[in-house]
Each structure stands twice: as C-alpha cells, then as structure tokens.
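Chemist: Chain by chain, the residues run as shown.
2 protein chains.
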Amino acid sequence: VCVDYSREKLKWNGWGWLEQDFDLHGREEGLWEFLQAQLGIDDLPDTPAVPLEEMPLPENRLSESQIEDLRGLLSADRVHVDRYERLFHAFGKSYHDLIRLRRGEIDEVPDAVVYPQSADELVALTQFATTHHLALVPYGGGSSVVGGVEALAGRLAGVITVDLSRMNRVLSLDEESLTATAEAGIYGPQLEEHLQKHGYTLGHYPQSFQFSTLGGWIAARGAGQQSNRYGAATKFFAGATVVTPSGILHSLATPNSAAGPDLRHLIAGSEGVFGFITEATVRLRPLPTARDYRGFLFSEFKTGADVVREIIQEHVDVAMLRLSDAGETWFLSQFKSIGKPASWASKATSAALDLVGVGENPCLMLVGLEGTTTSTSASRVAIARIAMGAGGIPIGAKPGKGWYGTRFDMPYLRDALLDRGVGVDTLETATNWSNLHHLHQTVRKQIATSIRRHTHVGTGEPIVMAHISHSYPDGASLYFTFIFPVALEKPVAQWKAIKREVSDSILENGGTISHHHGVGTDHRDWMEGEKGELGVAMLKAVRDSVDPHGLMNPGKLLP
Amino acid sequence: VCVDYSREKLKWNGWGWLEQDFDLHGREEGLWEFLQAQLGIDDLPDTPAVPLEEMPLPENRLSESQIEDLRGLLSADRVHVDRYERLFHAFGKSYHDLIRLRRGEIDEVPDAVVYPQSADELVALTQFATTHHLALVPYGGGSSVVGGVEALAGRLAGVITVDLSRMNRVLSLDEESLTATAEAGIYGPQLEEHLQKHGYTLGHYPQSFQFSTLGGWIAARGAGQQSNRYGAATKFFAGATVVTPSGILHSLATPNSAAGPDLRHLIAGSEGVFGFITEATVRLRPLPTARDYRGFLFSEFKTGADVVREIIQEHVDVAMLRLSDAGETWFLSQFKSIGKPASWASKATSAALDLVGVGENPCLMLVGLEGTTTSTSASRVAIARIAMGAGGIPIGAKPGKGWYGTRFDMPYLRDALLDRGVGVDTLETATNWSNLHHLHQTVRKQIATSIRRHTHVGTGEPIVMAHISHSYPDGASLYFTFIFPVALEKPVAQWKAIKREVSDSILENGGTISHHHGVGTDHRDWMEGEKGELGVAMLKAVRDSVDPHGLMNPGKLLP
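Chains as they are written, first to last, in the numbering used here: chain S, 253 to 811; chain P, 253 to 811.
Pulled out of the complex, with its shape left as it was, chain S reads as follows (with noise of 0.2 angstroms):
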C-alpha cells in the first residue's frame, strides 16, 4: 500500500479522505428521525459549508521576498501561498475548528506552508523566523482536536506552517533491542507497513491513525486504542532529535536511566512549542499472530468498572479495554438499530438480560487481546473468570468484530451531523480508581446541564455518554461523548460556554484535563490549575530556554 497523503486528497474542513463519508448505509432518514426525537427537534436544519472559493482569506503578512527567500531555503515546490494550501492548515480537526471552517469564521491562517525534508532545512527555518519575527507551526497530520495547530502569530509578524508530512522515512530497525527510528512526520499506515513488512508493530492505533504521525503522538502525548498492551506514546517513546530555535536536542535512547530528569519526558507533550521533532525512536512489539475481540455485559458501570480494574491490577495481557456507561451502550444499540428491524442487542440479548437480571440498562465492556493464540486463550480464560465472576454476560465476538471493524469510521459522522446543523464533541480526563465514578457521574451531569444552559433549540435531552478506554493498575480514563443541537446564532460561544464549564469541573473534581488529546489552545487556560503555577513556571522556563523569542507554536500549551 502506498498511501497518497497530498493534501488535496483530504478534506481541508472536515474529517479523513475527501472521497469518503461516514456511510450510513441508506439509513440517513432514520438517523434523523432518531436524532429528531431525542433532541425534540421537528425539522433538522440544512447547514452546508461555506465551500473553499467564498472562504475569507487573511491577507497575507509576508512579503513577496520573504517569501523568495523562503524558496531559496527550501525549494519552490515546497513552499506553498495558495488558498488551498493556507486554509488547509489552518486549523485541527476539533468541533471548535470545524464550525470555525465550515461557517467561514476565519480569523488568522498561516501565511506561509512549507514542507522541509530535513533537519538542516529546520534549522534554517527557525533562523529565517527569528530574523523576521515570525511564529513557526509545528504541523504533522493535522488532527489535533485541541487546537494544536492553529495558526496563531501571537505578538508575532506572521505564521509558516511546518508541515512536516515529507519527512516520513524510516531510518533503522534494531531486531534485538526490539526498537525502530523514524522521520516524525510519516503517518501511521507508513510506519505499521514498514514495520510489518519485517514482523513487528508499534500498535498504536489511535482512532486518527490513518491521519495522525509519529511526532505528533509524541507531542500531544496520545494513547492507541490497544494501549494497554502497546503502551501510550509516553511508554513507547524512546527518544528524540528535537530542532529548537537555540539548537538541536537529541534524547539518548535508553532503556531507563538515572541521569537526572528524563528529557524525554520533556518532549512527549511538549505540543511543538520547544520545537520540531525530527526523528523519534520507538519500541516495538512482534506482529500479534492472533487478535480476539468480544463483549461482555455488565449490570452496572460500578460494576463493568471493577471488572476492569480487578483485570489490569491482576496484570492480566490485554490489548484493549473499552467499558461503556449505560448510555453509551443504549446510544450504540440504538444507533445500530436504525433502519434495521433488530440487532445485537435488542432480541436474543434482551431476553438474556431479562433471564439472568442484567437490568434493562446495561453496559457493554469490549476485550480486545492480541498476541499469539496461546497468550490470548490464557487471557480469555481469566477474563471470563472475572468479567463471569461479578455477574458479566458474555455475548460473543460479533460486538467485537463489529467495533475493530469501523473503530476509525466515528470522526466522519460529525461532518454528516454537522450538515444537519446537530453538533457531536468528545473530551476525556483520567484519574484514580477511587475517584472515578465520582468524576464520571459529576462530569456527565456537568455536560448535560451546561449543554442545557447555553442551548436554546430543541425540546428535549442532550445525548451525553461515556465510556473508559484506557486503563492503568491506579486508575483509568474516562472518554465522552455529547451530541446536542448546534446554536446556529452562535456556536463559537456555545462551545465555549460548555467547554468552560465542564473542564472547571474536570479540574475541580480531581480529573486531568486531557489523559491523550493534549493541551493546545483549548485547555491552556487550565494548565495552571492542573500543573500550579510553579509546575506552569517551570515549563514556561524551559521553554524560554530554547525558544528565547518564542517562535515556536505561540498559543498553545502554556498560559
């Protein structure tokens, strides 16, 4: 497979490839009428995009001989001023981003998009911008959903996007060490292929991992879908060649050490405002020769959640999993429902849970295990006397199947609500067993009633779920879900009225603002909260270290 990552193949506001949908399979009606009837809306509006020709397009701040000079750095064909190009990188792929994009609310694009192929060309670049006072955005597939790269000048002169996207070559495979060196910007499918071809994976595979790249999951510090047996980038990151504006840091690639603070750490979440990643060492695991995916449901979160728990602190191998609450489980069956007369979990499951008292509100867990058929047999084995244990009923592998099937298809379906004028945004925290269903509960109730608060359309409910998709011995992450009707008025402040509010109470009830999408600008002003004002300072330090003038990524990460 080679995969053609030209720009102009995917959407430059909206999700993915842009020859592809989220493909609801004719049943278009049916989601309407469903979403009509739970948000108590008679007609779902029209809201088209505003298309690429009628966008407003900043004038640019460069002039015409920077740009020449900037082609003379690089090279002609790599340095891009066209709409196409500026709007393109204008912004991530969050809600925020694309409400922005698609109603033409554009304030600031980058003047500039330029593609280096190497380190050197980095360096030259950081010289051009502190020469002229330009903010440099590190950009790598583009799918931040926290306003990681937006295209912010600060007190800056202008902005040079830095799409990285052309340095995506695998450098070395070590066999023995079980680790792999890559250029940051090749892209997920890349990576595995390369890696695959030779029998190993690196296993991440968050749900942007057609569109997301090796720097970028470092930066933003990102978790895969199978993290518990791959590990987060934290844990598969084993070091780094950074380009800053003062130099170039390389991180040893250690197993561990006790040579001071871990650089590395430094690096991962670092969100572009040191600098580029350049290279990045990552430590692999031989390609699974056997993957079992299957459910289990639970009467209860409470209870779905200790099995969990009593799962990872028995150290159990597991790949993946993905608990959800209540709601989440009765959205997905009524989503899979529309249009079709039954489905998994409406006839023999039902009269399942109705036979053993799973309750009429269940909670469906996903097990994933990947490894060879002898480790995932042992591992099915143990979930069974667990999940079984605490009254689970197992129901097979086709919900399984069915989730690993379309796990990267979810993001294209907000471009289809937002048609509809029906907005859909997700955020996640994290945080120890003992607080999590306090966090889950406040949090939950939280979206609901400022979702409530800040909508004036439709008579009936938002649709809030959640569900735990990455879990650790002392605690585990919890993911939401919220569908709600646009304020088509103003949906930039309807946004942030809700994001505000909910991630106040993230904070205030012992969450973390972002367990694996990072900072960006959308949680920058929670960072202090989070970190104290020492931690910010502390980081600010670092930052002033390498980046004197900051060029590098203004606006994001830090206050």
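Heads up, a few of these hints could be off.
Identical copies look the same in the list; a pair holds intra-copy or inter-copy alike.
[As the list claims (entries may be wrong)] In silico DSBU-like pairs for lysine-lysine, Cα to Cα no more than 35 angstroms straight-line:
1) Lys554 - Lys449
2) Lys751 - Lys487
3) Lys653 - Lys487
4) Lys697 - Lys588
I should point out that these hints are in silico values taken from the structure, not numbers from a laboratory.
Take the given structure of chain S and dock chain P to it, following the hints.
Modeler: Relative to the frame of chain S, chain P by itself:
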C-alpha cells in the same frame, strides 16, 4: 518491628548499623590470602579509619545568633551543631566518601543539621536560607554513592543539611487504586512494615533498602533488585509534593495525562536541586504469596544475555533476572569457597558442567519470581523452556536462596576491605540490547586498564566483574564491581583518575552515565555529554525558575 534510626545507631564513616559488620564466619584469613594472591600483594596493610574525636572539624560558618534563629524556627532539639551530627552528615556512602572520611580528608561539613517535621518548617528553612545565603542539602538515608548529599556550600555562606528522617508517616492507603502516600523521609523497612500489614508491598528493594528513604529513591531515580516486577522509581512514582524556594509544587497523582510534559519526570531525578520532596504517592502491588529464586548456568555471557532478553521481550512475569559475567561468576564461587571444602559451584556442578559442555567459565543467571504459586509456576515453566532451550543448566534454588538471604550485606564488606588497604567500588550503566556486549567488554577492559594505569601497588590483576541487574524489552543495565589495591599515598586521586576514564568510556560507547545510582557530584561532569548542552540548559532553566539563588543542593546534578 520498630527500627531505631537514631543517628548514633548508625556508622558515621561506614555502611549501616554501628553494631553490624560483614560476617566472614571466621574465614577472614582465607579472604586475605585470596586477595593477596589475586592482587599480588605479600601482606595487606592495616589501614584503620581515623576515629571520630581525631577528625578535623571545619569551623562553623554560622553565627550563634543564626543558630539560635534556626532553633526558633524548628525547636532546639531538632537543630544540631555537634561534631557527630556534622560529620555523620558530611558525605554519603560512596567509595570516594569513605576514603575521605576514613583518612580525615574533610574540606566541608554542614554547619548545622536540622530535622524538620513538616512542609511548613521546610518553607521557613528556605526563607531562612534565602535571607542568610545558605545552602540547603536534602538528606534522606544518606546512602548516596554518587556524592548526592555532600555538604557543599558553593558560592554560599554555609551549609544546612536538612535531615528528613523525622518526616516518616504513611499518610494514606488507597486500596482501590493500589497507591499509598507517605512522607518522603520514611525508610524502606518503615514503609514496607506499614504496607505489608495491609497486604501490600511497594516491592522496591535496592541494596540500600534498610538505609534509604522514599524521597531519596525518587530524587535519584533508583531501581530495586526486583524492578522487573515492581518497577523502578520512575514507574512506581505517581505524584509528589515538593517544597522549593519559590513555593510548593504538587504534581497530580493521575495514572496518565496528556496535559503537557510530565512534571513527575522533572521531580524524579531532581536530586534535591529543585527542592525538597516532602510527600510522595507510590503504586503498590499485593504482597506476593509465593517466591521462587533459582539459578541457571550458561557457557557464555552472550548466551545468557540472549535468554534474559528473550524472557523480557516475551513479557514473562519475573521479579528479577540477574546475569553475572564469567568474571563475577568465578568471583562469587571463589568467595563462597573461601575456607570451605566445597561449594555449589564446585563439586556436583562442575561435574555437570563437564558433562553438558557448559565450559570452564560459566555465567550464573539468578531468576527471581514473586506472585502467587500459579503465576510463579507459569513463569518457571516459561523460563525453563527459554533457558534450557539455549543450553542453560538449571542448578536449583540454592544459589537463589543464598543470594536472597544475603542481598543487603555486601556493602558491609567494603568497610572490612578498606581496613586492609583494599578498595572496592561499583558503577553501572544501561544501553540497548544491540549495544550491550560492546559496552560490557569495552567498559570492563577500561576499568582494568585504568586501575593498572593509576595503581602502583601489587603485582597481580584487579578483579573486575559485571552483571546485568535490570532488564527491559529494549535493553538492560550493566553493573560493574572492581576490587583493587588502594594507592595509599593518594587514594582520592587514584579513584578520580579511574572514574574519569571509565565514565568517558561509558558515554563514548553509548551507555548512560547511570542507570540507578544518580548523578550527584560524581557524574555531574558527564551530564553535558549525556543530555547535550541544550538538555542541560533546559534543566538549569527549570532550576533557576524555582531556586533563583541556587540554594538547593549546590554542586549536584548540574554542571
């Protein structure tokens, strides 16, 4: 058990309990004969330590009124300026420390030793130190072997050593999240006693376990002997409170987070230069109900290392894998044989070695399993398959039990050897598997070469040996021990010359300057080689942001 860590119960110029020495079981003469033969010395000299009352004691740089003020800040009985306390706290427990203490070669000692009992008192101390331009040296168990607690004033007017051993309470135990929070001055046995009473363990058993503290483990990024199961400090460390001269830093004890760089990895390895760790939250495991320690022999280090690698890369549940090279295996068997007719490695075993062709210079692998009988049995089977498949010979539980029973004793031997002019020092590093053998051979040779170059005593050979002590999927640590005649006319110069050449060799050959001992004063000059100029600048920027006057542990960690 209520262990009494009163400072007068401990040696001030040697290892451990005042009342305890290395027990040679009447085999002293045999040991001296063995060492004389190896090192080529006719008669080992008597080199007793200078007694306390004859030690030179630098004049106190604090005025009477400053000492009175300190007593006012804490209480009179927690501020000490007497000879014993000042000398006890002058150094840690490195070879470099002991030779200076034993010869009375003391330039600096703390002017006062204080025992705070709360974060508030520490805040008051930082304010006092700021006003009077005094250095503050955080002191936990004082077991640093890299000069981490040396009383250096640097450019300041004096030194207050801050002994945290009175801050030793367990504050909370979260049985759902499997975490505990304790004050950082708690000693290993105190913490484990509390945890084990409730059925849990931290499982962190470094060789210094009895004489080191929670805060020190984190500050120096330590690793226990069973780190494969329980994790090194960087893994079990979940959160901390740090009192800095600029305020208090709390790091959120979250299982994982994408809210920017992880401050916990700035605290871990900070070695007191950012502030005092006052409390820490750590991740626990249930107390194991089964333990199994046993041995295998391999014909070559490389074969054994491949087995260790395979076990770890298969993610077999092991607590410890310890592979001695041929030199260490030989030394251990010799050491055990001294004054005895036979040993585990001599009779039956050597017959077996002959039989199966494991060779004349076998390498010993100790495997430690902890968990339940089910889990340890499963691991035992997996390990036997891998080890015996590679030609390893199982030699039963006796060497494992022997090691386990004496695992904290070796440091006492150093004092006995120093009484007879024999030096023993250790150093350690880590690297990727693909570089492990190169690093092992190069450093081993460099140690022998450097000892020969800087030692003009004896006609024999220094004893140089190594083992793999901690292993990871991508690499392992190497722990070197070397025994040599002390150059009595200039032992510090001898040690410094050897240390410098070997440290250079480690960095030049891709190793980290320390896997689990830390940096302190001894490795400070290699930090730029390890982290790069920019990396050191980043860490200095962090330090300056929380400690602008450089009061905290000057001269340590940062060059």
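Chemist: What hints, given by number in increasing order, does this structure fail?
Modeler: Violated: none.
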